[in-house]
Every structure is written in structure tokens, then in C-alpha cells.
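Student: Residue numbers (this note's numbering), protein chains in the order written: chain R, 1 to 320; chain E, 1 to 320.
Check the hints yourself; a few may be wrong.
In silico EDC-like links for lysine to aspartate or glutamate, alpha-carbon gap of 20 Å or less [unchecked claim]: (1) E:40 to R:20; (2) R:8 to E:264; (3) E:162 to R:123; (4) R:273 to R:305.
Here are a few chain E residues that sit away from chain R, every Cβ distance over 10 Å (derived from the structure) [unchecked claim]: (5) 6; (6) 8; (7) 14; (8) 64; (9) 123; (10) 164; (11) 246; (12) 271.
These are calculated hints, taken from the structure and not from any lab test.
For every residue, glycine included, the Cβ atom is placed at its ideal position computed from N, Cα and C.
There are 2 protein chains.
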Amino acid sequence: MFFNQVGKMALGSRLRMLSERMTEDAQLIYQLYQVDLRPKWFPVFYVLSAGQENTITAIATAIGHSHPSVSKIVREMVAGDIVVERKDESDGRKNRLELTPKGRGIAARIQDQYLDVNRAVEEALAQTHHNLWKALEEFEFLLSERSLLRRVQQQKKERESKKVKIVPYEPRYREAFYSLNEEWINTYFKMEKEDLETLGNPKEYILDNGGHILVALYENEPVGVCALIKMKNTGYDFELAKMAVTSRAKGKGIGSLLGRAIVEKARSLGAKKIYLESNTQLTPAINLYQKLGFKKVVGPPSPYERCNIQMELELDNPTR
Amino acid sequence: MFFNQVGKMALGSRLRMLSERMTEDAQLIYQLYQVDLRPKWFPVFYVLSAGQENTITAIATAIGHSHPSVSKIVREMVAGDIVVERKDESDGRKNRLELTPKGRGIAARIQDQYLDVNRAVEEALAQTHHNLWKALEEFEFLLSERSLLRRVQQQKKERESKKVKIVPYEPRYREAFYSLNEEWINTYFKMEKEDLETLGNPKEYILDNGGHILVALYENEPVGVCALIKMKNTGYDFELAKMAVTSRAKGKGIGSLLGRAIVEKARSLGAKKIYLESNTQLTPAINLYQKLGFKKVVGPPSPYERCNIQMELELDNPTR
DNA sequence: ATCATTTACGTAACTAGTTACGTAAATATA
DNA sequence: TATATTTACGTAACTAGTTACGTAAATGAT
């Protein structure tokens, strides 16, 4: 059958189809009990007969419809002499609803129908191994905890991050090192004098001074970079800097992979303390640094204008 | 929450709502993968990309939609450059469909999406006790075996048959005995001379000759009757006759209750063999007689025109 | 007391499906 | 070979919901 082939992508369709099948039968069931209601009136009718709510919006929230839907249903029910409307005296906006004598008659007669439908469904469910009613409840709960979208996003991230490789810098990544950094700097700030020099000459400014650069490859394309710059006479061993991930490769966990790799690199070089400068506007970056264990500090004055937060990470007793 | 209060009557609504919630997310998921498809196109797209079917009606049956639905979806997909149409050469009615290069590109890119969605849903389902996917399958199967309507009908019958009382004839049921029989005779045939006499004078024609009459009461109203008429010199003890149930009280199992009661009565009177006459047009009646154990026989000639079948039941060795 | 905001609800237009119906081509039948 | 039936599919109109928007009443803030 179609659904078993397509898989879970079609869960929505499958639910819709079963639902349609049930409402079709519902139509006939009302006839069976000679209850002069249309299935789509039922939720509204139920709330009114239970005496719970009696204004359009309140009913809509109670039954999980939009208010225009309730508005239309009520109009039909008024035409069918099931419900009467009357303006609220103290609040002229509200449309108070009430069952007519005919409506109350139906409410009495429908009790047997409730009973029989409940029993019929329960009898069917009792024959199943996986109870549909309970399954719906559980699934609805799971989705309210975390939406399907977020669950899929996470799967995507997990799958794609497996395709990310972190490799040491090589001269052929010089262009990428520049442009990846330029991309984010120009999005949020503007390039400064220091940027042009350091980014243009990573070998001279970073590697030759005892620093390191890691590059993240996705399908063999450089999509992220990060550098460790040697620091002297500051109490820090390295500055974590020039961290950049292209927006094209978002949602693949690249920042996190790169961050963990660069910290690991520092650790393997015997570093005890690393430092970084950033800007609080860059929330995802700050979140990442916190996850890596960095704590806010007041450090030495920065040459960069865009720096408004400084952080450090002690490696003697790493948090992770 | 609403659904737990209303109970299983709202199963249809609940399914519809979950389905809507899922399709909303689906929209966003397509965006996430930059797949230029609308969720409602998906089933058609899937069938085409799998190379299974490629005409409107065939796709419609495969995915369980109506053909106009597929027709409209295809029109949209053509506008979106996903699909091209071309007339079948040998059969001018058929509209052969094919993915465009763009469509094939999407088919390739969507693979990852299948994977992630499947995993996301399966991961969620794994956290539930009642698996929604399997529950749907089981429930769909149960409904295909016996529809919800029939299940409800049965519950109704069971509940209502408990309110039916079978009591012996009393003079105050004389009117009912006549009119209940008149009702069905006039619906299918017409009243004959014998009917007028026997039905008008049950005491004289039936009871005083050693016969018996049972009356079915529903909410203290007579809704069915049935008689045992003493037979002599025929090899039979009684004729089961004048069985009538008003159409107003259909679907309450009254015929069955009355039938079993009258057979029981005959048995308690020491009868060995009962006889009856009927007409094959009255299928529900014939079915009932068969359930009670009656077998077709060729009996003595009947005084009634409408009789075209004769049956007997041996009580020495009752089937039930 | 006045003005801005929020709330209640109706109307209009849209969506994703449906059924009903018509037409042309293909197939079956006399 | 002519005619009836079936099949494929498009169009129109309907259904049960939605979102978008407007208006009047109530409420809150200055």
C-alpha cells in the first residue's frame, strides 16, 4: 500500500484520510439516531449542551477552531433552530448562545448515541495492539514538547555534521580564510584595518608566530575556519579568533565541531588558558563559546572596535 | 482537554487536527531543504519520481485521491515546471506525465529529507508506548473489516434489545396484534381474507385452539408479535405465524428475541416439530428463521397467496 | 476625559479536498 | 459496421476549514 512505501512523510495524509472516512460514517450515524445535527456542528453543540461556554470566541478556543469557523457553524445552527443568539447586556460585543427547545431535545436524545459510539470505538480499540486513541495523545504530547520541524532539523544536523571534516590549514585555503571571515564581518559590522592585514596574510600573522588554523570542509568545500593566535606576556597561551562559518552551511553543527576541535588543538599543545573577543550581538557565537566552557572576563584592551565582550577558558580542569 | 471530555465521538476531529498540524510543519520542512514543492504535491510527486504511474487516474488511485484532485495538482506542478504533460500516442484520452529536469533535480535532493523525516518520526514514535503508525494501520484494518457505522449499529441493537420485554398475549394487545401484522402485509403484499379473520379474532382462532401468542414490548409499547398456532394431523405440533415487528422499532434485535422466545415456548410445550410459511422476498425474516434452525421443506398447500416458501424446525435435537 | 490598545465577532477571500457532470476516445456488443 | 458502454480527464460547484481584515465595544493609560 502507498503509505507503507512512502513512509512517515505521509503521516499527515494518512491521518487526514482516516479522519475523512470517520466523518463520512458520522453523517450516517446521526441519521441512525435521527439526530438532526451535522457532524461539523457537533463540537459546538457539545460545548453548549454541557453548559460550558456560550460565546463565539470562548467556544472556538474550547474546541480548538478559529472563531470564524464557530461563527459560521452557529449561523447554520440558528437556521436549523438548534441555537438562539442574544446580545450580552453588559458587554455589547458578546454574542450569547443558547440551545433552543429543539436543541435541548436533541441533547437528550443524543446521549444514547454517545454511549454507543464510545462503546463501538472502544470495542474496536480493544482489539488492537497499539491503541489509536492513546497513540494520538502520546504523539500530540511529543509534538507539543518539540515540534516535528525541530525534530527534523535535528536529524538533518546530525546527518550533515557527519559529513563535515576538520582539517589543518593549507595554503590553498587562503582565499576561503579571507572570504569566510569577510562574510560575517560585513553582515554585522564592517571590515577594520586589522582584519585586512591578518586575514590577508594568515601565514605571516598567525602560523609563523606559533598559531594554528583549522578549516571545516563540507563535501570538500571549505565552509568554516577558526584560528588559535599565540599570545605572549598576558597569562593566556592562545587567542581563539577568526572563527567564521558561512551562512550557506548553517544548521550542520559546523561551529560546534570547529570549536571543539580548536579547543582540543590548544589542549594538545599544552595550553592552559585561552582567550577570545566577540560581540554580544552574535548570540549563536556567544552560546557556542559558553557551551565550550568560556566565561566572561575583563581582559586587555582590544584593537577591534566591534569587540564588546571578552571570554576565557581554563584548560587545567576542562569542563568537558 | 476537550477530547478527553467528549470521548470517542470526536476521534475524527482529533485526527483532522493532528493532520493539519503536521502539514503546517511539512511546509516549513520543505523550505528547510530548499525543496520547491508544496506538501500537497508530494503524493503525486512521489509516485512520478518512483516511476510507478504516470496518468492522472492511475496516480489518483495509487495515492487514494479523486482524479480531479490530481488533475489540479498536476496543473500547479506544470506551472511550477516540475512536470510536463504529453498526450499518449496510442490512447488519446490519456495524459502522460513526466518529471522535468527540475523535477528530477528535486527528486534527487529530497532523498535526504525522506531520511531525516523518517528518522525524526520514528525517533518520536519510539518514545511512545502506543505507536501511532501501527495504531493507524490496525484501526484502518478494523474499519475495512467492519465500518464504524456497522459497529455503532450493533452497539445500538445490543443496548436496545435489553429494553425489550417479551410477554404473553393479553386482550389489551388485540389492536396491536392486528395493526402490527397489517403493517408489514400491506407494505409487501395485500391483506387476504384469512388475515382479516385470524388477526381480528386472535382469541378465537389461535388461543382457544391451543395456540399461543407472545408480544414484544419496547418501553411498554407493543412493537412486535408472534404466534404459535396448533396444528393437527400434519406431523407438526405448531405453526409459527403472525410474526410482525414494526418498522419503527427496527434494528433493536426484536425479531430475533421474539423468534427465540416463541421457539422456547414451543419447546416448553413439548413440541417436536414446528412449521412456518413465508415469502422469499422477506429476506430478513428468512435469515432469522434460518438462524433459528428452520430448514426449507415442501409442506401442505397454504391458504395464503403470498406463501412461496415453507420451513420446519425439529426440536428433538435442537441446533442451538 | 481623552486616546490607545485589546477584545469579540462578522465578512471576505483563500485552501485542499470533494462530488457532479460533460466530452471525447477506446472498447465491447449486436 | 453501427451502437452502447466504459474509461480518462477536465471543469464547475460545493465543503469545512483557514487567514486577513474591518468595526464596534470595552479596557487601560495618561
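Student: So, for every hint listed, does it hold in this structure?
Tutor: Hints and how they fare:
Between residue 40 of chain E and residue 20 of chain R, the direct Cα distance comes to roughly 16 Å. Compliance with the 20 Å bound is thereby established for this hinted pair. The hinted pair formed by residue 8 of chain R and residue 264 of chain E fails the criterion: a straight-line CA distance of about 57 Å is larger than 20 Å. About 19 Å separates the Cα atoms of residue 162 of chain E and residue 123 of chain R, which keeps this hinted pair within 20 Å; it holds. About 24 Å separates the Cα atoms of residue 273 of chain R and residue 305 of chain R, which puts this hinted pair outside 20 Å; it is violated.
For residue 6 of chain E, the non-interface assignment is contradicted: its Cβ lies about 6 Å from the closest Cβ of chain R, within the 10 Å cut-off. The claim that residue 8 of chain E lies off the interface is violated: its Cβ sits roughly 4 Å from the closest Cβ of chain R, which falls inside the 10 Å cut-off. With a cut of 10 Å on Cβ distances, residue 14 of chain E falls inside the contact zone with chain R, its closest approach being about 6 Å. Against the 10 Å criterion, residue 64 of chain E falls within the reach of chain R, whose nearest CB is about 6 Å from its own CB.
For residue 123 of chain E, the shortest C-beta to C-beta distance to chain R comes to about 7 Å, within the 10 Å cut-off, and the non-interface label is violated. Every CB of chain R is more than 10 Å from the CB of residue 164 of chain E (nearest about 15 Å), matching its label as outside the interface. The claim that residue 246 of chain E lies off the interface holds: its Cβ sits roughly 15 Å from the closest Cβ of chain R, which is beyond the 10 Å cut-off. Every CB of chain R lies more than 10 Å from the CB of residue 271 of chain E, the least distance being 37 Å, so the non-interface label holds.
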